[in-house]
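Asks: Protein chains in written order, with numbering that gives the first Met the number 0: chain A, 0 to 460; chain B, 0 to 196.
There could be a bad hint or two in this list.
What the hints assert, rightly or not - Under the rule of at most 27 Å between Cα atoms (straight-line distance), these lysine-lysine pairs were calculated in the DSSO-like manner:
| # | chain 1 | residue 1 | chain 2 | residue 2 |
| --- | --- | --- | --- | --- |
| 1 | A | K397 | A | K384 |
| 2 | B | K65 | A | K181 |
| 3 | B | K65 | B | K4 |
| 4 | B | K4 | A | K305 |
| 5 | A | K305 | B | K10 |
| 6 | A | K42 | B | K142 |
| 7 | B | K142 | A | K384 |
| 8 | A | K181 | B | K72 |
| 9 | A | K390 | A | K377 |
| 10 | A | K377 | B | K11 |
| 11 | B | K4 | A | K347 |
| 12 | A | K414 | A | K442 |
| 13 | A | K181 | B | K68 |
| 14 | A | K346 | B | K4 |
| 15 | A | K346 | B | K11 |
| 16 | A | K377 | B | K10 |
| 17 | A | K377 | A | K397 |
| 18 | A | K93 | B | K72 |
| 19 | A | K35 | A | K442 |
| 20 | A | K305 | B | K11 |
| 21 | B | K10 | A | K368 |
| 22 | A | K93 | B | K4 |
| 23 | B | K65 | A | K368 |
| 24 | A | K347 | A | K6 |
Stated by the list, open to error - Some chain A residues judged to face chain B by a derived CB distance under 10 Å, without partners named:
| # | residue |
| --- | --- |
| 25 | T28 |
| 26 | G222 |
| 27 | L230 |
| 28 | I266 |
Since the hints were derived computationally from the structure, they do not count as laboratory data.
This structure is a prediction, so every number in the text was calculated from the model and none was measured.
Backbone N, C-alpha and C define an ideal beta-carbon position, used for all residues, glycine too.
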Amino acid sequence: MSNVATKSHSELASVFNQDEPRVDWHDETLWWVRQKRDIQAHKLPEWELLRETASQIKNNVLSNLSEYLEQFEANAISNGIIVHWAANAEEHNKIVHRLLQERGINRMVKSKSMLTEECHLNEYLKEQGIDVIDSDLGERIVQLAGEPPSHIVLPCIHKKKEEIGDIFHEHLGSAKGESDPKILTETARQHLREVFLTRRAALTGVNFAIAETGEFVICTNEGNADMGAHLAEIHIASMGIEKIIPERKHLGVFLRLLTRSATGQPITTYSSHFKKPQQGTEIHIVIVDNGRSIQLGREDFRNSLKCIRCGACMNTCPVYRKSGGHSYHTAVAGPIGSILAPNLDMKKYADLPFASTLCGSCSNVCPVKIDIHDQLYKWRQVIVKEGYSPKAKTMAMKAMAFTLSSPALYRSGGKVGRLVFKYAPFAVNNRLNPWYKHREMPKAPEESFGEWYSKRKEEKK
Amino acid sequence: MSREKILAAVKKNQFTHAPLPDLEILSTLTATGDDLVQQYTSVASAGGSFVYEVKDLEAIKTILHKEFKPGVKIISGIQELGEYTYAGNVLEESSHSFADAELTILQSNLGVAENGALWLTESQMNIRVLPFISQHLAVVISKDALVPTMAQAYAQIGNADYSYGAFISGPSKTADIEQSLVIGAHGPRSLSVFILV
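Chain A with its partners taken away, still in its complex shape (with noise of 0.2 Å):
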């Protein structure tokens, strides 16, 4: 996929910031999000040893992972759970519509799974003639729109409700111009409703995954999830390796951090503990690795791996709230998204990275405290190693590295500069300079430092 070119985060950003109203919704609904966080999280006098020890749990998750997924799949098993490996996206594609394919189903619903938004499974399925429905409500308007999801826990958090209410009324047959949110969701009950009853497969994301027991967590707020898997004869769960836990008891740490920091609810609506098939249906895990493995072994990187997929991160980040989700060009948006996607493609995801303003809010907010902004920056600085760096920035930072390295270069661009400034400031007033962009360029000084003081070592003589 890496040889189609995809324009960079700021391309796509600008194309977000045509609309100045939406964004500033965006900006203060998020923000919003973030403000219902931090008043869940000041209740908890216990808050930040809950952060610390979630990510305590999880890096001795890191360190014995082999050893875990052993022991869950052995136990999964027990239970009798069949457990399938995907080593890539393509495998996990294929198990999942082998599965189908077998018991002669051609559509599936699906609740929301963000693993399989990196896999594009839904794309592939498209592709063999099988008919998903996402049934999460965001993923559904999103789905229906053609688009992929913005944020991973509010997937369209960047459309207003006049544009979901058109979206119904062509797809759904809600009334023209009805935008009122209750009535859209009433609209999208009964359609999905209908799609629970009749569908015989149903797939599902997996939230966490506990070795001791082999049973696996899945949180939503709908019951969505619940729905379909306990309606179909088969569920399948795919799961990335980094989703387990060691034991059960760490589930009272983690949904206690999960959905306050996700939505500034307490706990979502339905956690739901999915230990052995329903009588007369079958349960199956996916187990994907696609690259995770290897991120495993980058030593600066590996701890991105502990992401509970709160979304926190995004609802803080200045870049995110005011960049929308989809400039980031992939499945996972926003600073955590920025620390993952090089690890799958460092060439076309260099520029992510550096849509970030490093001021660390990110890392400040997350509930297993991943030094987010910390990898953004050590990101940049492998990118540009490796040769991947945006190409006007290569150029920019070969002169400035040119003009530093010689005095006398230095003192000549200084003076042309001031020159340019003072005399013709159009010449960098203008679109054609990306700094200038939302900036007033400043007023030049006079003269350097260097001559202000060379000036006066004279006159004190």
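Place chain B on chain A using the hints.
Replies: Relative to chain A, chain B alone:
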């Protein structure tokens, strides 16, 4: 085979052993002497649940009679409630046949004051889909079954061998359209919690 390939790659790249942290402090931080009924009620109500303190099952029936018209399909996991269809008697029916259930009443033995969640296992649900497919859900719990936080909740669950279990903390909901909260996404449009005091 991918299994061996993945496990070998993980084994090669995982780092020096990091020990598991102690969870003891977290489970003793919250005082259990607080008024858990009051805390539960305030958190669960904020999450959209209706919480009632009742003396006995008769009091529950009186409330349900007011809320639900006679003749609607009501399934109960509590045999003592008598007048409703006992879930234990319809185990053989297909999950799909409960699509027209108006109300399901279930018993929980574990509730969490910090987040309003109620623990239900498959044996208490009788049929897994019941608490999801029903238009409304009611859960009966004794006040002594409330614990302060998830730490005590998992201590109580221990290594119980359920086949399926869920914490349910309110009615089904979504805020996917412009972050406006809408109750009644795919599951129950209401959750009534009856605390036996």
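Asks: For each hint, tell me whether it holds in the structure or not.
Replies: Quick rundown of the hints versus the structure:
1. A/K397 with A/K384: Cα-Cα ~13 Å, so holds.
2. B/K65 with A/K181: Given pair B/K65, A/K181 holds - Cα atoms ~26 Å apart, limit 27 Å.
3. B/K65 with B/K4: violated, 62 Å
4. B/K4 with A/K305: Status holds; Cα separation ~22 Å.
5. A/K305 with B/K10: With Cα atoms ~17 Å apart, A/K305 and B/K10 stay inside 27 Å; holds.
6. A/K42 with B/K142: holds, 23 Å
7. B/K142 with A/K384: violated, 62 Å
8. A/K181 with B/K72: holds, 25 Å
9. A/K390 with A/K377: Cα-Cα ~19 Å, so holds.
10. A/K377 with B/K11: holds, 23 Å
11. B/K4 with A/K347: Roughly 26 Å separates the two Cα atoms, so the pair holds.
12. A/K414 with A/K442: holds, 14 Å
13. A/K181 with B/K68: Holds, at roughly 24 Å.
14. A/K346 with B/K4: Satisfied, since the Cα-Cα distance of roughly 25 Å is no more than 27 Å.
15. A/K346 with B/K11: holds, 25 Å
16. A/K377 with B/K10: holds, 25 Å
17. A/K377 with A/K397: holds, 20 Å
18. A/K93 with B/K72: Violated. A/K93 to B/K72 sits at ~43 Å, over the 27 Å cutoff.
19. A/K35 with A/K442: Status violated; Cα separation ~42 Å.
20. A/K305 with B/K11: Within the cut-off at roughly 18 Å; holds.
21. B/K10 with A/K368: OK: B/K10 and A/K368 at ~24 Å, within 27 Å.
22. A/K93 with B/K4: Answer holds: A/K93 to B/K4 is near 18 Å, not above 27 Å.
23. B/K65 with A/K368: Violated: B/K65 and A/K368 sit about 50 Å apart, past 27 Å.
24. A/K347 with A/K6: Holds, at roughly 10 Å.
25. T28: holds, 6 Å
26. G222: Given a least distance of 3 Å, the restraint on A/G222 holds.
27. L230: OK, holds: A/L230 within 10 Å of chain B, min 6 Å.
28. I266: Since the shortest Cβ distance to chain B is 4 Å, the answer is holds.
Hint compliance for this structure: hints 3, 7, 18, 19 and 23 are not met, and every other hint is.
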